[in-house]
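Trainee: For reference, the chains in residue letters:
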Amino acid sequence: MPGHLPPTNDDRLIWDIWESQFRLPACTVADELGVFRALGNAALTTDELARGLELDTHPLSILLAALASSDLIEKREGKWRALPAARTWLHPEAEGYWGGFLHGYRERTPLHAQLLEAMRTGKRPEKFISGAPEWERGEMSAEAAQRIAAFMHAHSMAPSRGAAAQGVFRDVRHLMELGCGSGVYASKSPRRTLASRSRCSISPQWPPRPANTRSGPA
Amino acid sequence: MAAEAGEYAKRAGVTGRVDTAACNMFTDDWPTGPDAHFFANVFHDWSAETNTLLARKSFEALPSGGRIFLSEVLMDDDGTGPWHAAAFSLLMLVGTLGKQYSLPELRGILEGAGFTRVEAVRTGGGYYSLVSAVKP
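Chains as they are written, first to last, in the numbering used here: chain A, 1 to 218; chain B, 1 to 136.
To be clear, the hints were calculated from the coordinates, so they are not data collected in a lab. Bear in mind the structure is a predicted one, so any value in this text is a computation, not a measurement. Each residue gets a CB set at the ideal place from its N, CA and C atoms; glycine is no exception. Treat each hint with caution, since some may be false.
Pair by pair, the computed Cβ-Cβ distance ranges are [to be verified]:
1) B:Gly16 <-> A:His4: 41 to 51 Å
2) B:Pro82 <-> A:His4: 23 to 33 Å
3) B:Ala21 <-> A:Pro6: 47 to 57 Å
4) A:Pro84 <-> B:Ala21: 49 to 59 Å
5) B:Pro82 <-> A:Arg170: 24 to 34 Å
6) A:Arg120 <-> B:Glu49: 17 to 27 Å
7) B:Ala21 <-> A:Ala94: 55 to 65 Å
8) B:Arg117 <-> A:Gly34: 38 to 48 Å
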């Protein structure tokens, strides 16, 4: 009997472990940018906070969502406000400020610098390894294709099994899967499929990412 | 990527019903014939404007009654979480040009391209949802 088991449609434990890497950098970056001071002192909209901190609203809205789902801030009637834990331990003027401890992790946590760079520039950090540069150039080495396919395959296995089990493609005659990955959904689908692996290059006329991408309610 | 995906299909033993094709999904004409298009973790890589272009190209290539599917980890409608989507969005921030979208945001993109009946279901026991819409 093998020591390994077949995949299921529930991989949340692995997701939770992987995503735990973002908890501390989100907090230390918000601390360095002054988010907790600003939202401790006043309730602000995303636009107001972005203007006050001189940040782009697109990265700021992503950081705020991470802080809100960490129970450090909340959003009420369109305005963000620091919650008691953040006002007690993360406001720089608070007697219980954790800054003296957290500042040491700015340099020890590589994601801190990368996230801070993305927040301040609105651009992807140069040192962060991802498939995006290859997609944008429209050229991909075999090594990069292997790396990206393996990356996509691993975290798409459970949802592809879930989709197949639920029969979400049952009425589909011919499915075309687009994008970059291993084609795992196509492999799990019971019908004929065309896994179209785009090179994902962008033409010179391609519109740049907008400065503001709203992340609020419809 | 097409060659690599082909290797995965070979290993899964499904080459008899899975074909691969290399194309530039932004600039090339898409193959006609499929009655459904599927994007797994693609829209979260790009801006709303880029996704609007992809949705329009899908709409143009699909037959009437055809469907588009998006597999994504969805943000709550008010953009405050949940953590598993917000953390994934942080990865998108440092690694791509995108973010995790909410269903209302994706609905706006898909309906803007002409699709109707936009809905979402959770797929399996994990964090992913499958958003679908129909070309009238």
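Trainee: Give a verdict on every hint.
Mentor: Results of checking the hints against the structure:
1. Under the hint 41 to 51 Å, the C-beta atoms of Gly16 (chain B) and His4 (chain A), about 27 Å apart, miss the expected range.
2. Distance hint check: the CB atoms of Pro82 (chain B) and His4 (chain A) are about 30 Å apart, consistent with the given range 23 to 33 Å.
3. Distance hint for Ala21 (chain B) and Pro6 (chain A): a CB-CB separation of about 30 Å, inconsistent with the stated range 47 to 57 Å.
4. A beta carbon spacing of about 55 Å between Pro84 (chain A) and Ala21 (chain B) agrees with the range 49 to 59 Å that was offered as a hint.
5. Between Pro82 (chain B) and Arg170 (chain A), the C-beta spacing of about 29 Å keeps the proposed range 24 to 34 Å intact.
6. Between Arg120 (chain A) and Glu49 (chain B) the CB atoms are about 23 Å apart, so this pair conforms to the stated range of 17 to 27 Å.
7. Checked against the hint of 55 to 65 Å, the C-beta distance between Ala21 (chain B) and Ala94 (chain A) comes to roughly 58 Å, which is consistent with it.
8. For Arg117 (chain B) and Gly34 (chain A), the hinted distance range of 38 to 48 Å is satisfied, since their beta carbons lie about 45 Å from each other.
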